[in-house]
Amino acid sequence: MTTPHNGFPATRRLILQGAVTVALVGLGNIQFGLAPAFAAANDKYPEDAFKAKSEADAIKSLYGKTAEPSDKVKLDAPEIAENGAVVPISVTTTLADVTSISFLVSENPNALAASYKIPAGTMPSVANRLKMAKTSNVIAIVEAGGKLYSATKEVKVTVGGCGG
Amino acid sequence: MASSIRVRATSSGETTEVQALIQHPMDSGFVKDAKGELIPPHFIQELTFEYDGKNVFVANWGAAVSKDPYVKFSFKGGKKGDDLKISWVDNKGASDTTTAKIQ
Chain A
1 MTTPHNGFPA TRRLILQGAV TVALVGLGNI QFGLAPAFAA ANDKYPEDAF
51 KAKSEADAIK SLYGKTAEPS DKVKLDAPEI AENGAVVPIS VTTTLADVTS
101 ISFLVSENPN ALAASYKIPA GTMPSVANRL KMAKTSNVIA IVEAGGKLYS
151 ATKEVKVTVG GCGG
Chain B
1 MASSIRVRAT SSGETTEVQA LIQHPMDSGF VKDAKGELIP PHFIQELTFE
51 YDGKNVFVAN WGAAVSKDPY VKFSFKGGKK GDDLKISWVD NKGASDTTTA
101 KIQ
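If you read the protein sequences in the order shown, they are chains A and B. Each residue of the first sequence is one higher than the one before, starting from 1 at the first, in our numbering. Each residue of the second sequence is one higher than the one before, starting from 1 at the first, in our numbering.
Misleading hints may appear alongside valid ones.
Claimed, not checked - With a straight-line Cα cutoff of 30 Å, these simulated DSS-like cross-link-like pairs (lysine-lysine) come out: (1) A:Lys-147 - A:Lys-74; (2) A:Lys-74 - B:Lys-67; (3) B:Lys-101 - A:Lys-134; (4) A:Lys-117 - B:Lys-35; (5) A:Lys-60 - B:Lys-72; (6) A:Lys-53 - B:Lys-92; (7) B:Lys-67 - A:Lys-53; (8) B:Lys-76 - B:Lys-32; (9) A:Lys-117 - A:Lys-134; (10) A:Lys-156 - A:Lys-44; (11) A:Lys-72 - A:Lys-134.
To be verified - Pair by pair, the computed Cβ-Cβ distance ranges are: (12) A:Thr-94 - B:Lys-32: 39 to 45 Å; (13) B:Asp-52 - A:Glu-154: 19 to 25 Å; (14) A:Lys-44 - B:Ser-3: 42 to 48 Å.
Said to hold, decoys possible - Quick partial rundown of chain A residues pointing at chain B, CB under 10 Å, derived from the structure: (15) Glu-47; (16) Lys-51; (17) Ala-56; (18) Gly-64; (19) Ser-90; (20) Lys-117; (21) Met-132; (22) Ala-133.
Simulated from the structure, these hints should not be mistaken for laboratory data. Heads up, the beta-carbon is just placed ideally off N, CA and C, and yes, glycines get one too.
When you get a sec, could you build the whole thing from the sequences and use the hints?
What follows is the structure in structure tokens.
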């Protein structure tokens, strides 16, 4: 009488054990897959950030956090740029422990223009020349002590530098 | 062939100011040529300045950096007569390297 009843629970236990093992193996795979991707993001060319359309997406892709405006970031750009193909823009900051400085142009097809790594011993001050498609906000991002700080300035462009 | 990189590195005792000018088309991929065809993107992606065996400045550039790009920065240290090594790589895999003496 008892034998037919015993067989059923045993099979069910086996099935349950199998399911748990499969779930654990699955989780393990996901963790192994993600780890190298994060490690590589620190020193490789940030392809995805440069392809992002909006400045918010570019900042998120590059740093994974948002910036707060700071008057310690000094963004120097012209009020009016006669030639959008060559707009001189520079940034200096009094913040300590600066690790990177980035430049973004909101209205360009891809917002992120340039990103500079500042190793210890290098001054947190960069000057460069950027192309601007049209009148737009220019945003400077300074990463200091693991936090992001920004400064924004509007530059009026009379002749765009990205169109034909 | 002359180098595509022109560098002036000037030491003021405590710090060294570096100005670099590179000859490169920096095509954005949004501009059309005379026939109305898009000029494919061609721009420098990474520019590295190396002093005394370590990087003092690394630039990651997108297509929005102007043609014949210019950049200026300064770093602590750097003695007159020492070498500063500059190299770049563009999105087509082309590259150039030069060494400049700090003045």
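Here is how each hint holds up against the structure:
For the proposed pair Lys-147 of chain A and Lys-74 of chain A, the alpha carbon gap of about 17 Å is at most 30 Å, so the pair holds. For the suggested pair Lys-74 of chain A and Lys-67 of chain B, the alpha carbons sit about 25 Å apart, so the restraint of at most 30 Å is met. With a CA separation close to 39 Å, the supplied pair Lys-101 of chain B and Lys-134 of chain A exceeds the 30 Å bound. Only pairs whose Cα atoms come within 30 Å are accepted, and Lys-117 of chain A paired with Lys-35 of chain B is rejected, the gap being roughly 39 Å.
The straight-line distance between the Cα atoms of Lys-60 of chain A and Lys-72 of chain B is roughly 26 Å, inside the 30 Å bound, and the hint therefore holds. Between the alpha carbons of Lys-53 of chain A and Lys-92 of chain B the distance comes to roughly 22 Å, so the proposed pair stays at or under 30 Å and holds. For the hint linking Lys-67 of chain B to Lys-53 of chain A, the alpha-carbon distance of about 21 Å falls within 30 Å, and the restraint holds. For the hint pairing Lys-76 of chain B with Lys-32 of chain B, the CA-to-CA distance comes to about 43 Å; that exceeds 30 Å, so the pair is violated.
Taken as a hint, the Lys-117 of chain A and Lys-134 of chain A pair is honoured in the structure, with Cα atoms around 27 Å apart against an allowance of 30 Å. Distance restraint check for Lys-156 of chain A and Lys-44 of chain A: the Cα-Cα separation of roughly 33 Å exceeds the 30 Å cut-off, and the hinted pair is therefore not satisfied. Restraint check: the Cα-Cα separation between Lys-72 of chain A and Lys-134 of chain A comes to about 27 Å, which is no more than 30 Å; the hinted pair holds. Taking the beta carbon of each, Thr-94 of chain A and Lys-32 of chain B are about 44 Å apart, inside 39 to 45 Å as hinted.
Taking 19 to 25 Å as the suggested C-beta distance range, the pair Asp-52 of chain B and Glu-154 of chain A does not conform, at roughly 41 Å. At roughly 26 Å, the beta-carbon separation of Lys-44 of chain A and Ser-3 of chain B lies outside the given 42 to 48 Å, and the hint is violated. Using the Cβ-Cβ criterion of 10 Å, the hint placing Glu-47 of chain A at the interface with chain B is satisfied: the shortest such distance is roughly 9 Å. At its closest, the beta carbon of Lys-51 of chain A sits 9 Å from a beta carbon of chain B; the interface hint therefore holds under the 10 Å criterion.
Using the Cβ-Cβ criterion of 10 Å, the hint placing Ala-56 of chain A at the interface with chain B is not satisfied: the shortest such distance is roughly 16 Å. Hint on Gly-64 of chain A is violated. Least Cβ distance to chain B is approximately 16 Å, over the 10 Å limit. The beta carbon of Ser-90 of chain A is positioned within 10 Å of a beta carbon in chain B (closest approach about 8 Å), and the interface hint is therefore held. Given hint, Lys-117 of chain A at the interface with chain B, holds; its Cβ is 4 Å from that chain's nearest Cβ, closer than 10 Å.
At its closest, the beta carbon of Met-132 of chain A sits 8 Å from a beta carbon of chain B; the interface hint therefore holds under the 10 Å criterion. Given the 10 Å rule on beta carbons, the hint for Ala-133 of chain A holds: about 8 Å separates it from the nearest Cβ of chain B.
Of the hints listed earlier, those the structure fails to meet are numbers 3, 4, 8, 10, 13, 14, 17 and 18, in rising order.
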